[in-house]
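Asker: Spelled out, the chains give:
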Amino acid sequence: MSVRVSRRNFLKLGAAGLGASSMAMMGFAPDQALASVRHFKLSGATMTRNVCTYCSVGCGMLLYARGDGGANVIDNIYHVEGDPDHPVSRGSLCPRGAGVLDFIHSPSRVKYPEVREPNTNEWKRISWDEAFDRIARHMKDDRDRNFQTHDDQGRLVNRWMTTSMVAASACTNETAYLTQKITRALGILTLDNQARV
Amino acid sequence: MKGPAVNHAFGSAPSGIMEPPRVVLPDHQLFARRAARLRTLSENTPGLGEFLAFIASVVQAQQQVLETREPAWVPAAGAFDAALEHGMPPLGAQALRRDIDWQQDLAALLDALELQAGERQRPLLASVRGLSVQALDDLAEQVLDADPGDSGSRGQMPLVAAALQVAWVRLTRALPRPPERPTGDVYALCPCCGSQPVASIVHVAPERNGVRYLHCAICATEWHLERVTCTICHKGGQLHYLGLEDGDQSAFVARAEACDHCHGYLKIVPREFDAEADPLADDLASLALDLMLDEAGQYTRSGYNPFLIAGA
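Chains as they are written, first to last, in this note's numbering: chain A, 1 to 197; chain B, 1 to 312.
To be clear, the hints were calculated from the coordinates, so they are not data collected in a lab. Heads up, some of the hints might be wrong.
[As the list claims (entries may be wrong)] Listing some non-contacts, in silico: residues in chain B with all C-beta distances to chain A over 10 angstroms:
{"hint": "1", "residue": "Val6"}
{"hint": "2", "residue": "Leu25"}
{"hint": "3", "residue": "Ala77"}
{"hint": "4", "residue": "Arg97"}
{"hint": "5", "residue": "Arg98"}
{"hint": "6", "residue": "Ala107"}
{"hint": "7", "residue": "Glu114"}
{"hint": "8", "residue": "Arg177"}
{"hint": "9", "residue": "Gly210"}
{"hint": "10", "residue": "Gly237"}
[What the hints assert, rightly or not] Listed next, the stretches of chain B that the computed footprint assigns to chain A, with coverage defined by at least 3 CB atoms under 8 angstroms from CB atoms of chain A:
{"hint": "11", "region": "17-23"}
{"hint": "12", "region": "27-41"}
{"hint": "13", "region": "127-141"}
{"hint": "14", "region": "292-301"}
[Claimed, not checked] Examples of chain A residues lying across from chain B (beta carbon under 10 angstroms, computed):
{"hint": "15", "residue": "Ala20"}
{"hint": "16", "residue": "Met23"}
{"hint": "17", "residue": "Ala24"}
{"hint": "18", "residue": "Met25"}
{"hint": "19", "residue": "Ala35"}
{"hint": "20", "residue": "His39"}
{"hint": "21", "residue": "Ser89"}
{"hint": "22", "residue": "Ser92"}
{"hint": "23", "residue": "Pro95"}
{"hint": "24", "residue": "Arg96"}
{"hint": "25", "residue": "Ala98"}
{"hint": "26", "residue": "Gly99"}
{"hint": "27", "residue": "Asp102"}
Idealized CB from N, CA, C, for every residue including glycine.
All chains should be built: construct the whole structure from the sequences, respecting the hints.
Answerer: Below, the structure is given as structure tokens:
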């Protein structure tokens, strides 16, 4: 549906029109009102709808950010409240959801892949490509070592029992479908979806 | 909210899912509350004190007329059933304008104002009294059409609008139930009388906490519109909430909800910051915000406040 925005929707109200406005015609000089503007500074906030990532309920949230929604908007989020129009939560947030602002700004929040190599206690930042390569390498090695084609009675099983997968609580149906497809194709049987927290 | 509230030592907890009403008709104390708000604003709004104090006395007179005058025409029982059933605005402002004796409301309003008005406003009241029935009807048509008219009669229009507001708020009481929320292209027009909203308001009340409503400029009916949705082009995603700051403090309760799709804005009044805030009153008091935004030139005002009609 296209919405027609006509000129009738807009009712200009500016300094130029104030001299001939109803206020002036009623005997109230607009000079002071015009002068008072100089005290003020314009400030802006942007509001964005989002869904809480904590658990599978998926409550609606409104995130308030300073500025005009440009770069670094995450650093500028200053308030979070329940979305009263969300059909699931209707404005409610649990204590964890209501405290999500501290999660967003947490200094220990994981924002990029990191690795802790064997025999060290230091976390090292790596790129996403490196992270995917490492995970794929580990999976391939483990699968090559432990993949079972037959069980001890000689029946065909084609399973990989030494690796399991836990999927996240905020998965969409589509993500859940892909998770199933990938893990089952690899022969993984131990798959869980953390749909409750 | 379903079920009884759960009380504990620190207050009470909601007991169920919030189900906010979709459309809320004005109550009997609307004008009294608005007048009180305007008096508060008149004391702490630089540059607009006298103007807001006068509008406060107009609104107080509206309350008096609403409480005391019996209208000559009362709609028959069931008069609005067909409109309500088929989702049409039952109190269509232009359609009912000639049926309703709002001009008597205007006369009563001017009587009530006579003692309140200052020296500078007396000629204005006298000039409105002197208008012919036809001239008043023409002004009413302009007010209901959000037409700024010509500068000679522009000062009279807010008083005509005040009388129309009394007549329409009274009419909403004749409705057996609130109309349905408007949908489709008319989602931002009043479901009662078809007029434009003056501003939107975000309530703080248990049954509609944080819920946004549009507030009709004429009949004060409020209808639900989802937060973070443009009231002009119905799109979401690129909305900014612009306010004025005085030092580190927010200067007004009202913000401009500005949209980067249609480059328009409508004021939004979050009651979270002041539970007494009123869409019409706080829109008037935050005139400086309109002036700043007009000067910046990025966004154009929408929202019709019949108490402040600007020249073309």
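Asker: Hint by hint, say whether it matches the structure.
Answerer: The hints, checked one at a time:
no.	hint	verdict
1	Val6	14 angstroms, holds
2	Leu25	21 angstroms, holds
3	Ala77	35 angstroms, holds
4	Arg97	18 angstroms, holds
5	Arg98	23 angstroms, holds
6	Ala107	19 angstroms, holds
7	Glu114	16 angstroms, holds
8	Arg177	23 angstroms, holds
9	Gly210	4 angstroms, violated
10	Gly237	8 angstroms, violated
11	17-23	holds (count 4)
12	27-41	violated (count 0)
13	127-141	violated (count 0)
14	292-301	holds (count 7)
15	Ala20	3 angstroms, holds
16	Met23	6 angstroms, holds
17	Ala24	8 angstroms, holds
18	Met25	3 angstroms, holds
19	Ala35	6 angstroms, holds
20	His39	6 angstroms, holds
21	Ser89	9 angstroms, holds
22	Ser92	7 angstroms, holds
23	Pro95	12 angstroms, violated
24	Arg96	17 angstroms, violated
25	Ala98	13 angstroms, violated
26	Gly99	17 angstroms, violated
27	Asp102	21 angstroms, violated
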